[in-house]
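Student: Residue numbers (the working numbering), protein chains in the order written: chain A, 39 to 368; chain B, 491 to 820.
No lab work stands behind these hints: they were computed from the structure.
For each residue, glycine too, the CB sits at the ideal point set by N, CA and C.
Keep in mind that a hint or two might mislead.
Stated by the list, open to error - Negatives, chain A to chain B, calculated, CB over 10 Å: (1) V91; (2) P100; (3) V176; (4) E231.
Said to hold, decoys possible - Listed below are several chain B residues computed to face chain A (Cβ distance under 10 Å; list not exhaustive): (5) Y734; (6) N738; (7) P742.
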Amino acid sequence: MHATSFTDQHIESSTLMNRAKERGRGIMRVILSNPKIAVGVGSVVFFVLLSTVGTLLIPYPPDATVVRGSLPPSAAHPLGTTGLGQDILAQIAYGTRISLTTGLIAAAGSTALQIIFGLSAAYFGGLVDELLTLVINVFLVLPGLPLAIVLASLANTGSSRSEFVLAVILLFTSWSYGARVLRAQTLSLKEREFVTAARATGETALRVIFMEILPNEIALVASTFIGTFVYAVGAQVGLDFLGLGDVSHASWGELLFWAQSNGALIVGKWWQFVPAGLCVAILCAGLTFINFGIDELANPRLRSERPLRKLMASHKKLLPPKKENDKVLV
Amino acid sequence: MRFLLRRTGFYLIAFWAAITLNFIIPRLMPGDPADAYIAKLQGQALSRAQLAAIRAEFGVNPDIPLWQQYFNYLSGMLHGNMGIATSQFPTPVLTILQESLPWTIGLVGVAVILSFLIGTLIGMVTAWRRGSWYDTALPPILTFLSAAPYFWMALGLVYVFAVGLSWFPTDSGYDVFSVTPGWNADFIASVVQHAILPVATLVIGSLAGWVLTMRNTMITTLTEDYVLMAEAKGLSERRVMFNYAARNAILPSITSFSISLGLVVSGSLLTEIVFNYPGIGFALYKGVQGNDYALIEGCFLVIAVAVLLANFLSELLYALLDPRVRQGRS
């Protein structure tokens, strides 16, 4: 009895592990099958590595003066140095950390707000919907970045400037669009049979919303999460560039802020502003590509048409060999 | 008519929300504008009466109850009294905004119209020629350009075309030394010459949105029966593309106008800083630099009102184009 239950358990755990492995392979296959997702995931992985392993490998601290004055790129400083003699590569690597955590905090919080507003508006309907939709739409038409600038200029005064505060501000100014998208999707989902069935069996509203409806919108949630992440990274760099960030810490936006205020452009020090902006562009474009890939997986019409020959080749595998067919027919 | 009333009501509520946010935010944040201003006057011995006068000027006198402060604030707003810009004492905020707004509206207006026309046209052609080289190459390139921060692209354009090649001026809205503002040919020519790089920045940055929206809707439209019918009738390719496919695909582009406008306005604020362009963005920058809350808030309010008005107009246009909206059906 004891022995059999042990082997049963053992077998169960090993099949679970296999299943997990298969699922992992499945995810890898999805990533590799769509070139857009592959490129996007590649760029995200690059920046994650840069902000973790990269910071360990770069021999210079980001905020300390290591040479006198600004040097163009060289072997010792691959991206050159700033006006204060800080190593730009080190600043970029540490800045990646700030950009990624800001994006993560803002996107996670904003997605939570989107789900709460969007799903409950659509699910409860009636007056609740009217009110929540009004709030969503008002925030949608109010320009987000100017509002964030007002908040940041008041919150980040004097010595209390912090990147975390900026992330929270971006969270509150970026949720409306996703909420509207999720509300629209929930409106159509809540009429489906499985939702009616769940309600008929007496499930609570909370359970129906989170266990029945939400899992069916996960692709949409992922896509608005990525969209918010992109917005937050860009907006944070913008706020830093305005001088609303933590001026004492290296970040992508601070690099651009100092390049602009030191007049790096006019004297031709291109290396002081090119890398930071390029990083924003590569990271955000990569994330956007992941979103396009998700769209394509969901809506096959958007996929670019595969060359006919490739299509034929893949069909041949599925069909029985032609010659044998002919023989049978003859 | 019902539609018109409903939308007017909504925008009035949004307008009220913007004004109220402007009132609430500084009072929710740690410290208040008066404190910050007093901190700026550090070193000067201020009497009790002077402190009270400063507090009264900012409308944050603790002796007045909050609701009365709110009504004072509202009536002040309706009379165009937005306080005094402490960073440019004693210029009223309203005067600065009146001088800056036309520049930003001109810049954003021209950029949005150009970007919409060019982007929609490119989207149309890429969808029509599915799988051609430009359909494969353009969307990723444009996505990359739109992922880069606007102001970074502005820095690049200044570096190449203004500093390097000296084709265009590096900063300001017109040549302050050689022309006098007014309706004369020299002034207008100078304004146009100074606007080319900022407008180019905004157009390049916002192009991708229009291209991709148009391309994706048009691809769906192209599979419709009426397009096939038009082709079967032997209509010219051009006629099918413009009058049958594009005409029916253009509505979603107009719906996304509101979101795109918010982004372009935000982008324009930061772009103006790079070019020292005398618009709202530059006023905002000066406000941030000088911890001038009255000016920052005034900028936010005027931007919000401009965006609300533009959205309202775009909705009216949409209703004009799509009779289903007018009649309240979806």
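Student: All hints are to be evaluated individually against the structure, with a verdict given for each.
Tutor: Structure-based check of all given hints:
no.	hint	in the structure
1	V91	holds (24 Å)
2	P100	holds (20 Å)
3	V176	violated (5 Å)
4	E231	holds (23 Å)
5	Y734	violated (18 Å)
6	N738	violated (16 Å)
7	P742	violated (13 Å)
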